[in-house]
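Student: Sequence:
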Amino acid sequence: MTIHQAAQQGNLHVLKSLIENGYAEVTDSDSQNVTALHWAAINNHVIVAKYLIENGAEVNAFGGELVATPLHWAARFVYFNLNQIFRLIFFY
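Using the UniProt record's numbering, the letters of the sequence shown correspond one by one to residues 1 to 92.
Think of the hints as simulated: they come from the structure by calculation, not from any bench.
Be aware that a few hints might be false.
Between beta-carbon pairs, the in silico distance windows are [said to hold, decoys possible]:
(1) 31 - 91: 32 to 42 Å
(2) 91 - 30: 34 to 44 Å
(3) 22 - 91: 42 to 52 Å
(4) 33 - 91: 34 to 44 Å
(5) 91 - 16: 40 to 50 Å
(6) 23 - 67: 26 to 36 Å
(7) 21 - 78: 26 to 36 Å
(8) 91 - 23: 40 to 50 Å
By construction, the Cβ of each residue, glycine as well, lies at the ideal position given by its N, Cα and C atoms.
Let the hints inform the model, and build the full structure from the sequences given.
Tutor: The following block contains the structure:
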């Protein structure tokens, strides 16, 4: 499992193990400059995001197709989930 997969799944134990054992860095990014913090943000994994930030993750890193920061990704999470809830309630 990569640091990005661990962050995406909210697996703090694996993420910490990868970093503490030197298999990954908090600031590692993929080919689109997406970081573990991006994945933690969009998947609402607060504890993982907190760990990454406290250990030096770049909060203003731009990445992904939309070239956005982890904060932008978190905002998209909120928008999409609220929109789904709205549709569920409105059309029920």
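Student: Determine for every hint whether it applies to the structure shown.
Tutor: Verification of the hints:
The beta-carbon spacing between residue 31 and residue 91, approximately 39 Å, falls within the hinted interval of 32 to 42 Å. Against the hinted window of 34 to 44 Å, the Cβ-Cβ separation of residue 91 and residue 30 comes to about 37 Å, which satisfies the hint. The hinted range of 42 to 52 Å is satisfied by residue 22 and residue 91, whose Cβ atoms lie roughly 51 Å apart. Our hint of 34 to 44 Å for residue 33 and residue 91 holds, since their Cβ atoms are close to 38 Å apart.
Taking the beta carbon of each, residue 91 and residue 16 are about 42 Å apart, inside 40 to 50 Å as hinted. The beta-carbon spacing between residue 23 and residue 67, approximately 27 Å, falls within the hinted interval of 26 to 36 Å. Evaluation of the 26 to 36 Å hint for residue 21 and residue 78 yields a pass: the beta carbon distance comes to about 34 Å. Taking 40 to 50 Å as the suggested C-beta distance range, the pair residue 91 and residue 23 conforms, at roughly 46 Å.
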